[in-house]
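Visitor: Residue numbers (our numbering), protein chains in the order written: chain A, -2 to 499; chain B, 7 to 349; chain C, -14 to 308; chain D, -14 to 308.
Worth flagging that the hints you see were computed from the coordinates, not collected in a lab.
Note that the Cβ used here is the ideal one computed from N, Cα and C, for glycine as well.
None of the hints are false.
Sample of chain C residues lacking proximity to chain B, with all beta carbon distances greater than 10 Å (derived): (1) A70; (2) L140; (3) L162; (4) L167.
Simulated coverage check for chain B against chain C, where a stretch passes if three residues somewhere in it have a Cβ under 8 Å from a Cβ of chain C: (5) 186 to 200; (6) 217 to 224.
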Amino acid sequence: MEAPTVLKLKDISRTFGHVSAVRSISLEIRRGEVIGLVGENGAGKSTLLKILSGVEQPDSGTMEINGVPVSFRSPNDAVRAGVGVVHQEQSLFTNLTVAENLDQRNAGRIGYKNWARVNNECVAALKKIGVSLDPTTRVSDLSFVDRQMVEIARAVSIDPNMTGTPLIILDEPTAVLEQTETAVLEREIRKLKEIASVIFVSHRLDEIMRICDRVVVLRSGKIVSDKKTSEVTKEDLFRDMAGGVSQTAHAIRKRLPEGAKPAIEVHELARKGKFKNISFTARPGEIIALVGSNASGREAVARAIFGAETYDAGTIGVKGKRVLRWSIRKAVQAGLAYLPAERKVEGMIAGFSATRNIALVYQGDGASGPFLKLRKLAEAAQGWFDRLEVRPNTISRPLINFSGGNQQKIVLAKWLNSPYTDVLLLDHPLRGLDVGAAQTVNAEIVKACENGAAVILIPDTIEEALEMADEIIVMRDGGVSARHDMRKTNNLTVQDIVADMV
Amino acid sequence: EFKKEEWVLVASVINTTNPYMISNIEGAKAMSAKLGIPLEIVNSNNSSQTSISSILAVLASGKKPIMFVNTVASSDAPTIVDAVGKAGGFVTIWWNKPADYHPADVGPHFVAFQKHPGVSSGRCGAKAIGDALGGKGGVVMLPGVQDSTTSQTRVAGFEAEIKENYPGIKILDSRPSNWDPQLGAKNARDLIVKFGSDINGVWAADDGMQIGAMQSFENAGLLDKVKFASDGLYPTTLEDIKSGRGGNAIVGETFHRGYMASAVGLYTAYLAASGQMDPATQPLDKRESLFKLSCLTPANYKEYLKYDEPDAPAKFIEQLEKVGPWAAEPMPLVGGGAEEMPK
Amino acid sequence: MQFVLPKEWKGPAALIASIVVLAIVFTFLNPRFGSLENFRNILFQVAVPLIIIVGTTLVIQLGSIDLSVQGIMGAAGMAWILLSANTRLETDYGIWAWVIGIGIGLTLGLLAGALHSLIKVPSFVVTLGTWYIGLGIGIILYGDAMLPSLKSDVLMAWPTKLTLGLPNAFWLAAVILGAGVLLSRYTHFGRGVLAIGNSETIASNTGMPVHTIKIIAFTLAGGLSALAGILATMQLGAGSPDLGSGQLFTVIPAAVIGGTALSGGEGGIMRSAVGVFLLIMLNNGLVLAGVNPAYQSGVFGAILIAAIVAVARPDRGILKIEK
Amino acid sequence: MQFVLPKEWKGPAALIASIVVLAIVFTFLNPRFGSLENFRNILFQVAVPLIIIVGTTLVIQLGSIDLSVQGIMGAAGMAWILLSANTRLETDYGIWAWVIGIGIGLTLGLLAGALHSLIKVPSFVVTLGTWYIGLGIGIILYGDAMLPSLKSDVLMAWPTKLTLGLPNAFWLAAVILGAGVLLSRYTHFGRGVLAIGNSETIASNTGMPVHTIKIIAFTLAGGLSALAGILATMQLGAGSPDLGSGQLFTVIPAAVIGGTALSGGEGGIMRSAVGVFLLIMLNNGLVLAGVNPAYQSGVFGAILIAAIVAVARPDRGILKIEK
Ligand SMILES: Nc1ncnc2c1ncn2[C@@H]1O[C@H](COP(=O)(O)OP(=O)(O)OP(=O)(O)O)[C@@H](O)[C@H]1O
Ligand SMILES: Nc1ncnc2c1ncn2[C@@H]1O[C@H](COP(=O)(O)OP(=O)(O)OP(=O)(O)O)[C@@H](O)[C@H]1O
Ligand SMILES: [Mg+2]
Ligand SMILES: [Mg+2]
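Isolated chain A (complex conformation) (with noise of 0.2 Å):
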């Protein structure tokens, strides 16, 4: 027999300005199912969960939850109907401790607050999906990750002794988890089937197929289409995403002489509790990949070359000079550009135009002396919005309305922007970037190496890695714990690589 419907979704539309965002979306979830949600970037994901999760307002379309009707006013409603959501971008109170972010189902109360109750139910849910950490700390005082492990535990601890069967939302939660949490992750979605319904949104096609019984894949904000797993590809679905143009191969990169003077050399550089005689070079032409599972200290390592973290011990060298009283002001001017991961907080000014953000590196001839020529800062952007095929196609947005992939492209074009850049520090480029997308970003990564740069990349994936890289430096607790030269080793797998990670 058929089990219950959970969601039901008739013509549901919502567009911003011109921009039609959800085109009348019709879609039905049954208990127990995971239903994976696929698209390119702008496709319309993250607001179709927005409206599910109470954040935006459909413009017009009914939804129904366990068969209720609903129309959610806040995400307060949401919740309540027993809807649980992990947006793409993090949404959490970085001042508060662990245990208040994760104590939602109160949000709505003004009066006493019992922190007992709160710490301990904090402390369940964390161990629900396998993490242990302090309740009590603040959440600023959290790496990345384990931000993003407090955003799952708090989708997913809805009230359990609520009538009817809750829905978990999941926006692109693996965009920054590594193989490790991700396995994590799919165990905590397994055990979710059987008490709820999951709709998870990832650009990795193959998580898609491992983790999900449907597969919905969205195009330009309409359903194009809606299948059972085992009954698609990834090359269906990435023709029905992309609309019928075929994945293309892997861009083949023609290499500079050898011998290059390098451009970082990093030597037995370490940081106390982060890393340790951490040792490469980079020269230009070259892919260093970082790879290591989360805190393995390869975001500080990077963040440590750019002059935004210190470090205890060893040196840095930037084109064979030795750098002292390093900072991100003398990085920059020494030609270093740095993509963090954490976009939201430290890649974008979300406020300001596409263009402002593009031009904030560097002008050309936008500038003469102090003063700025604005139209030629937007001829320049214009030329990127093109090149990267950012969605919509509108440079005097604020990069607050663009989608999350998007968005991700306009903060690389600020540094490629500079034909100055030698040296790109790369931390996770493709983070929510669909396959197409990343496609292209890698080429752009690709062509700034032939034209000299050298890169240092912490990769979303081994494949990635294995695919760019001309060196990999796998790391582990803070120290190197393999070094595989790509140019001479051929058949490193997957496998070969996480054995050194863990």
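Given chain A, put chains B, C and D with the ligands in place with the hints provided.
Guide: Positioned in the frame of chain A, the structure of chains B, C and D with the ligands alone reads:
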């Protein structure tokens, strides 16, 4: 000849939260009633900026002003006088003006600068305290806003009188309290801690600060061990004198009333405006005038009660019409020119 | 407590240190500074700002600001004294004087909170408006009759009267302060204030009653300013529309010195309270040290900067941002 | 311009509208309000706050605040007049009077900026400190000698003298304002200020000279306050340590009313300027309308709130956040 409908009386007060200023307004109202000329009140809210902008605004209102102004800071005077001149009006300034800025030099539209001598106010207080303490003991001073001429002259008077006639009296400390009762009270508290029972007398540049100070001494249980003197005889202060609060703690005050000042000021300007008096031909002491200030003590305060009767302003104005602005009791002209500071 | 706000006592530690240093210096300059009498004197003086700062802190934690303090103090103080046994009117409404006095504060606070939160008007301007309105009420009540002073010696003496060796005024403040701390640490309201200060978007996205919380905070602040106005009137023994003068620039700097960032989401009531002590003590010390009045403001400014620099040192870092 | 600051002219439109409405009402209450004479009078009065607000706006756009305005005005004004031909001292240093007067402002501004930016001390407290220091300097210069006034009639007359029908004081302000607008729209510095105000982390991650920009902004603000102090002294023809009184609570509300969010990254100099006009006009209108002084503060507050509410309406949205 003089057409009433072309003119407007303007009285500018520093604020409306101080009995003296409120009394100013009373006097102006009475004068307006008497002369049958409409009245505009300007409230400076303690700010030169507001004062000047407000006055300029009134001047822009078309009618020619017959004006009486309490300047917030001395430095406001020139701007105001100029503006009045341009508007074809006549103005009398009270209390504060730059020392070197003389009506005679400026022109007839600056009819007169008038004040009660601050020095004699200070001397009144010094005498009262000095005698009450039998010429021996320590006193603390609470001046007003530091850069106010009024405060400075009163302070000078007090210090001079003590120096000349009460060698046995020691001035322990002096804390400017910005005419603010709260600050007066606060400084008094700190001074009590600092000097304890060494304080035998307290002089404040006006009653507002004295009221605060007395409260602090009362709280410290010292009210009946200390003598107070100040300036302005606020209603509250009068009550305290009548009731002999704190064993006749208040030993000296000065008597002058806001309604008298505004009446005299407006009337002087009116005489000029109506052509009954030509400022240009007046002797200097009628252009830059010092009016009598009476020293009031618990012994003689009864003589002055009649000036606080409800009909007192009207009576005072009738008197003005008879004897003119320079001879009216209890504040006849006593001198002129710049008030010379004791050396 | 520790586990609730780990960093809670870091700032204050440095602050308290610099207070101690100052105290030592002042006592050295004038032994009477350290006397029990002066200690009581300081406690008496901190009472009013301590009461105000509970509200101020909550509002600043929201990331907003409340300028209306002095206006409300004046209005409430005048209303209270005119309804209590005073030298101007015969009437004595006893408890109602309190109800109405504090009522005025609550109302103006509510008005500001509602306009700010619902109509999205910057708190800076709304509360500037309520400031003037409060002042206006005070002035109108003051009218042109004689300045009213308290009749009841009991009421006049109450603030200074010692209980367990400390002035009642201070005890009152201490109680309010304690209540405030509990409110901000052990209620959803208190935590909500911090959450909103950290990110209003997220707060409303997680379904917090943002408007309610904001409005309560402003209303509370208004009520406390009113209470402070009444206490100040009692301390002065007389009513005056601008008896609040100077308070605004005591409490807001105090809060900031205490580490309550004006951008919101940070700091705590206790820390602000410590800030109040620093400022009041500084003022009192300068008088006792006999600093020439002409130099006083200059010296005050210099020491203020020195102190805050000293305090700022501990949690300073490349990445730290100060507004 | 549009796409650089999309909303730039939205707020002001509403503001200007509400100014017009007020103007009409006031003119109705008293025809003289609309007179050319009163128009000049208003222009004369806005001059000083207009000069100050250029700096104020830059600092607020950073997300910081500058309280030192009045202190610096007093110090610079006193220094300037004592060094120009005046009635107290015989000396006349001509141009040097300007150099030193404005120098004091720049120095205090630099001090505040450096401490705030490098040592990460809240601007609120540092500038409160420099306020007191400035005030102190003013008081010391004032001493207890007689108040100095200008000797040169040329200087005294200059601000009121009409050029092309408008008072010189206003032209000076207009020039400063124009320069300010160019600075903030067409230079890296100006854009940097906005970027920092929007997100300091990102600003420094992109290698902007954050410290330099902040320090320049504060120094500039200090210098402009000093210039304003000198102009005010000229307007009065005499010096006084607190001739700035009331300015702080004109310019900051004006900036906020103009839409320069105190949280930084928003607003513009032009918009703040419109705010100044609103406030000055309001004050002027109330007097012309002959509002009973006892009611003036109250009415002022009420109208202020009404006006800002009216202004707030256009770009109001569920998602909009106001601090
Ligand atoms: N607040 C907003 N204002 C205007 N347009 C918006 C807003 N939010 C989203 N959009 C537009 O709606 C479309 C769908 O955005 P959405 O975030 O749903 O895409 P997405 O599928 O989540 O993309 P990604 O995979 O990059 O996250 C995009 O064109 C985006 O620019
Ligand atoms: N702000 C912080 N406060 C405290 N600890 C931190 C902070 N940032 C990082 N850490 C810790 O420092 C170590 C290294 O963190 P880092 O972010 O460099 O790991 P990572 O390998 O870069 O993670 P990811 O793979 O997600 O980029 C981890 O133990 C992390 O928890
Ligand atoms: Mg998305
Ligand atoms: Mg990381």
